[in-house]
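Trainee: Each chain, letter by letter, is given below.
There are 2 protein chains.
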Amino acid sequence: MNAPRGTAWLAVDWGTTNVRAWLVNGARVLRRQDFALGVGHLQPGEAARHLRDTIRPAMDAAESPAILCGMIGSTLGWEVAPYVDCPVDFHALHERLHLVRAAEPPAWIVPGLKAQRPDGGPDVMRGEETQLFGWALGDQSRYKGEQLICLPGTHTKWVRMIDGRVESFVTVMTGELFALLRNHSVLRAGPAQDDETAFRLGLKAAGNGNALASRIFTARSRVVGGDMSPSQVDSYLSGLLIGAEAASLPALFGIESGCRITVVGERGLSERYRQAIAARGFTAETSDGEEAVLAGLQALAAKGEASS
Amino acid sequence: MNAPRGTAWLAVDWGTTNVRAWLVNGARVLRRQDFALGVGHLQPGEAARHLRDTIRPAMDAAESPAILCGMIGSTLGWEVAPYVDCPVDFHALHERLHLVRAAEPPAWIVPGLKAQRPDGGPDVMRGEETQLFGWALGDQSRYKGEQLICLPGTHTKWVRMIDGRVESFVTVMTGELFALLRNHSVLRAGPAQDDETAFRLGLKAAGNGNALASRIFTARSRVVGGDMSPSQVDSYLSGLLIGAEAASLPALFGIESGCRITVVGERGLSERYRQAIAARGFTAETSDGEEAVLAGLQALAAKGEASS
Numbered sequence: 239m240n241a242p243r244g245t246a247w248l249a250v251d252w253g254t255t256n257v258r259a260w261l262v263n264g265a266r267v268l269r270r271q272d273f274a275l276g277v278g279h280l281q282p283g284e285a286a287r288h289l290r291d292t293i294r295p296a297m298d299a300a301e302s303p304a305i306l307c308g309m310i311g312s313t314l315g316w317e318v319a320p321y322v323d324c325p326v327d328f329h330a331l332h333e334r335l336h337l338v339r340a341a342e343p344p345a346w347i348v349p350g351l352k353a354q355r356p357d358g359g360p361d362v363m364r365g366e367e368t369q370l371f372g373w374a375l376g377d378q379s380r381y382k383g384e385q386l387i388c389l390p391g392t393h394t395k396w397v398r399m400i401d402g403r404v405e406s407f408v409t410v411m412t413g414e415l416f417a418l419l420r421n422h423s424v425l426r427a428g429p430a431q432d433d434e435t436a437f438r439l440g441l442k443a444a445g446n447g448n449a450l451a452s453r454i455f456t457a458r459s460r461v462v463g464g465d466m467s468p469s470q471v472d473s474y475l476s477g478l479l480i481g482a483e484a485a486s487l488p489a490l491f492g493i494e495s496g497c498r499i500t501v502v503g504e505r506g507l508s509e510r511y512r513q514a515i516a517a518r519g520f521t522a523e524t525s526d527g528e529e530a531v532l533a534g535l536q537a538l539a540a541k542g543e544a545s546s
Numbered sequence: 239m240n241a242p243r244g245t246a247w248l249a250v251d252w253g254t255t256n257v258r259a260w261l262v263n264g265a266r267v268l269r270r271q272d273f274a275l276g277v278g279h280l281q282p283g284e285a286a287r288h289l290r291d292t293i294r295p296a297m298d299a300a301e302s303p304a305i306l307c308g309m310i311g312s313t314l315g316w317e318v319a320p321y322v323d324c325p326v327d328f329h330a331l332h333e334r335l336h337l338v339r340a341a342e343p344p345a346w347i348v349p350g351l352k353a354q355r356p357d358g359g360p361d362v363m364r365g366e367e368t369q370l371f372g373w374a375l376g377d378q379s380r381y382k383g384e385q386l387i388c389l390p391g392t393h394t395k396w397v398r399m400i401d402g403r404v405e406s407f408v409t410v411m412t413g414e415l416f417a418l419l420r421n422h423s424v425l426r427a428g429p430a431q432d433d434e435t436a437f438r439l440g441l442k443a444a445g446n447g448n449a450l451a452s453r454i455f456t457a458r459s460r461v462v463g464g465d466m467s468p469s470q471v472d473s474y475l476s477g478l479l480i481g482a483e484a485a486s487l488p489a490l491f492g493i494e495s496g497c498r499i500t501v502v503g504e505r506g507l508s509e510r511y512r513q514a515i516a517a518r519g520f521t522a523e524t525s526d527g528e529e530a531v532l533a534g535l536q537a538l539a540a541k542g543e544a545s546s
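Chains A and B are the protein sequences, given in the same order.
239 is the number of the first residue of the first sequence in the numbering used here; add one for each residue after it.
239 is the number of the first residue of the second sequence in the numbering used here; add one for each residue after it.
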């Protein structure tokens, strides 16, 4: 990376459904905007054009170097930034930044990570690595010893970091399962409202995290049996799925009760995860997901400038 | 029930997607046909018309009394046959046969069952109760002591019978989850082929039955990571889901390893369940599902004639 020192940078978190962009100068955020241009909506080759013709003009960043993370580095995106194998620390991630061919102004894509799951087989992430290091850089204490971090979303990630290295992680399809069941299954129900009682009932109904394909059916049978109203199905199902995750994942990592877990993500969803994790006897705290990804992009850009 | 002794009966298993009809005289089957008239395809009120105008003529059964089981007794069907609370034996089920108002020739609907799940909350079935008793009546030994029966399908049922009574049961959405993941999720893959190796790998990947929402993601990450071909995803996912079910359900019922479990259903799917159950240290045998539902309908009709 050899952008001129002190330049304004375009930092972009380019996901499957959404694009979030910031124009930053060092630690200062000059501009911030979202675009409905996630790679899931694009045809091959469209990303570069949208960056040039839509995002750069809107961000007043026609000439700024860019750093991008997320699915933009996948086969669905702009150019493939190959996965880096875990364990990975911040320095190694920076070393592997992918300079996009012939991009002018220059653009770097943060590579995703690949790890062996504790239960066998590989797992992958794209975008969350930037959040992880952004979060970890926020406090010296996060670089010491073992950390379990949960990044909730469509595909939630549970990550084990040791002394600042990402050691391993697993994906959990909780958000996608919720949407599938909510929109396409016999569990689909009428208009929903946030219902704290139903959410807590769902957390309990998750049991010890096994038999999930059976427990979710109670979202229907409780309605058929008159124990629950259709408007409560969403909150109940959310509690059940997140509860099953909180019951299973620390065990998958061999984490003992009493361990501290940090949830990094959107505020409302993170709070649901915090509740579910606390109900299992773990200490959980939450941390803002948008701040984390921006901090990660800024740190990668700054390290590039410092070493250029 | 007061149909004349010796009459030919129309026996119908009327489900959500399909209708299976038999014309029977005692133990003899005179005719058998399927109709794509499951209640999921029908508007309210259409079932009675289709029975009269399509099914009866095709079955040469214009004047035969009819006995029907399945979703035809739900709010989506012809007339609601209210659920009977477990425990229920064959006699109690026969007592609660629902005579459809003003049906001519007469028609009875077999009521569904309702039970308290071992993990709390209610559960319900419609149609499987007829299969269960049809199977149990096939051999005196099935009426003695405890039996665990698995009825695989879109909504698989695991049922505990004691001395010929249905004590409790739970629904598992394995078949529906498979279809959702196969058709609507990131796990959707290209053309599939039956792959025994991938199925067995899926059985192993189910682990102890927990963390299902995470383990299913390996159906994608193994492909992304180059460990599996897209054509193997279906068999792998089938193994994973059925394996998780076999790992969880006996535990949900407090069943010890070594117990005998009977799988009653369609041959191919039953064999997959048998393998998954055997892999968990239980003895499993299979029994034909169509024979069972027909035997159940015949027994209910015969008992009606005998007592009329």
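Hints may contain errors.
Note that the list lumps identical chains together, so a pair holds whenever it fits in one copy or between two copies.
Claimed, not checked - Here are the simulated lysine to aspartate or glutamate pairs, EDC-like style, with alpha carbons at most 20 Å apart: (1) 382 / 509; (2) 442 / 357; (3) 352 / 323.
No lab work stands behind these hints: they were computed from the structure.
Trainee: Each hint should be assessed against the structure and marked as holding or not.
Mentor: So, going through the hints one by one against the coordinates:
no.	hint	verdict
1	382 / 509	neither (25 Å within a copy, 51 Å between copies)
2	442 / 357	between (25 Å within a copy, 10 Å between copies)
3	352 / 323	within (5 Å within a copy, 51 Å between copies)
Going down the numbered hints, you'll see the structure goes against just number 1.
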